[in-house]
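2 protein chains.
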Amino acid sequence: MATLICDITMSLDGFVAGPNPTLEEPLGEGGDRLHQWAYDLESWRKRHGLSGGTQNVDSGIVDEWLTTTGAIVMGRRMFSGGQGPWEDDPNADGWWGDEPAFGVPVFVLTHHARDPVPKQGGTTFNFVTDGIESALEQAAEAAGNRAVGLSGGADVVQQYLRAGLLDELQIHVAPLLLGGGVRLLDNLGGDPPELDCTRVVDSPAVTHLRYRILR
Amino acid sequence: MATLICDITMSLDGFVAGPNPTLEEPLGEGGDRLHQWAYDLESWRKRHGLSGGTQNVDSGIVDEWLTTTGAIVMGRRMFSGGQGPWEDDPNADGWWGDEPAFGVPVFVLTHHARDPVPKQGGTTFNFVTDGIESALEQAAEAAGNRAVGLSGGADVVQQYLRAGLLDELQIHVAPLLLGGGVRLLDNLGGDPPELDCTRVVDSPAVTHLRYRILR
Chain A
1 MATLICDITM SLDGFVAGPN PTLEEPLGEG GDRLHQWAYD LESWRKRHGL
51 SGGTQNVDSG IVDEWLTTTG AIVMGRRMFS GGQGPWEDDP NADGWWGDEP
101 AFGVPVFVLT HHARDPVPKQ GGTTFNFVTD GIESALEQAA EAAGNRAVGL
151 SGGADVVQQY LRAGLLDELQ IHVAPLLLGG GVRLLDNLGG DPPELDCTRV
201 VDSPAVTHLR YRILR
Chain B
216 MATLICDITM SLDGFVAGPN PTLEEPLGEG GDRLHQWAYD LESWRKRHGL
266 SGGTQNVDSG IVDEWLTTTG AIVMGRRMFS GGQGPWEDDP NADGWWGDEP
316 AFGVPVFVLT HHARDPVPKQ GGTTFNFVTD GIESALEQAA EAAGNRAVGL
366 SGGADVVQQY LRAGLLDELQ IHVAPLLLGG GVRLLDNLGG DPPELDCTRV
416 VDSPAVTHLR YRILR
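Protein sequence lines, in the order shown, are assigned to chains A and B.
For the first sequence, my numbering begins at 1 and goes up steadily by one.
For the second sequence, my numbering begins at 216 and goes up steadily by one.
No lab work stands behind these hints, which were simulated from the structure alone.
Quick caveat: nothing in here was measured; it's all calculated off a predicted structure.
For every residue, glycine included, the Cβ atom is placed at its ideal position computed from N, Cα and C.
Just so you know, not all the hints are guaranteed correct.
[What the hints assert, rightly or not] To give an idea of the interface, some chain A residues facing chain B are shown, with a C-beta separation under 10 angstroms as derived from the structure: (1) V62; (2) L66; (3) G70; (4) L176; (5) S203.
[To be verified] Output of the computed footprint for chain B on chain A, the stretches with three or more beta carbons under 8 angstroms from beta carbons of chain B: (6) 6 to 14; (7) 164 to 175; (8) 182 to 193.
Chain A on its own, in the form it takes in the complex (with noise of 0.2 angstroms):
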């Protein structure tokens, strides 16, 4: 099986997301300043198919979790992106345009059946109803020999961990408060696994605090 890889940012009081999130900000108030870090790396820019940026440490991790990543697997409010009800809108192609950045396929966690979405540049968002543990194994066929990507949000991650499904969890450690909002490391249960820190990589704008969870 695949290795299942969380890769997400969160601010140092452990939000992924701030308070409130709306249509027009689905992140919530501040939720955007999370991903700052990102937007100027050339990685970054040349998947989203703009040419510049920076390269530097952080490039550096972004371009690990391009080459890496076979697969993804995300919750069904990520992939709405705040648009709601799901079941009002059974069509809605969630907030990630034409050609989205993962270029890779995609399972959205669901209890609503709906036919694979194909976009452009590689990205297919395909739907799952029965489970997280179907979602991975249907993501690790497609990865292939690469890592299966697991990329929010909170609820979602606490479903693995709590089902001791991941296999590595990297947080990128925002330099910033937001004060409430959606916390990524919550409803764990009395007795969460354990961990083994296997690198941390620096900059001023961001940590990158990778761990391996133990069974």
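With chain A fixed as given, assemble chain B onto it according to the hints.
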């Protein structure tokens, strides 16, 4: 005025103590694991009257703290260490023994006046009843040209952060999940201060993240 620096160990999921603190386990269930990274260090052992120990980047961080800290501010619960309520035993010595490892004046925030308690080795516990600004002023006076250390607990750190009185925050991120307990960066209100990440030092045992608090 002296610089106020908070040095505190936090789990990856944001807790500085585990759930259900008791007199036997004042750091809560599993909370003693937070500080595991320090126990074998030469600088830590020396300050606790023990010989030997490891010298590495982590002992350097502890050494730096010992060298640069001229006085300490802490909350009442951190002093009394789960002994409670303070009001029932105004002469309780806390859990710090005859020769606490601080070696500098300590200013304990409390609502109950009490004469200073001198200990061996340079530690004197002073009790401040007129608020966090007064405690900082008294500690700064005692610290001379060294920094004032803010040791916790979480509620006191939050009070100083909200009041805009904290200059630096060094979080020692322990590679573990507690799953519950006392959160450090909580109750910060809707307009938390900006941060500037000034240093990252890491070892397999712990990651030291240092931030300047911008007003």
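**Study point:** Claimed coverage, the stretch 6 to 14 of chain A by chain B - three or more beta carbons nearer than 8 angstroms
**Key:** Check passed, 3 qualifying residues.
Would you check chain B against the stretch 164 to 175 of chain A, counting CB to CB pairs closer than 8 angstroms, and say if three or more residues qualify?
Our answer is that it holds, as 3 residues pass the Cβ test (under 8 angstroms) against chain B, meeting three.
Holds or violated: L176 of chain A as interface residue toward chain B, Cβ cutoff 10 angstroms?
6 angstroms, holds
| query | Against chain B, does the stretch 182 to 193 of chain A show at least 3 residues with beta-carbon separation below 8 angstroms? | reply | holds (count 9)
- With a cut-off of 10 angstroms, does the beta carbon of G70 of chain A approach a beta carbon of chain B closely enough for the hint to hold? Check failed: Cβ of G70 of chain A comes no nearer than 27 angstroms to chain B, outside 10 angstroms.
*Mind checking the CB of S203 of chain A against every CB in chain B and telling me if the closest is under 10 angstroms?*
9 angstroms, holds
When the nearest CB of chain B is found for L66 of chain A, is that gap smaller than 10 angstroms?
L66 of chain A check fails; min Cβ-Cβ to chain B is 24 angstroms, beyond 10 angstroms.
Can you verify the interface hint for V62 of chain A: is its Cβ closer than 10 angstroms to any Cβ in chain B? With Cβ-Cβ at 18 angstroms, over 10 angstroms, it is violated.
Hints 1, 2 and 3, counting from the list given before, are not met by this structure.
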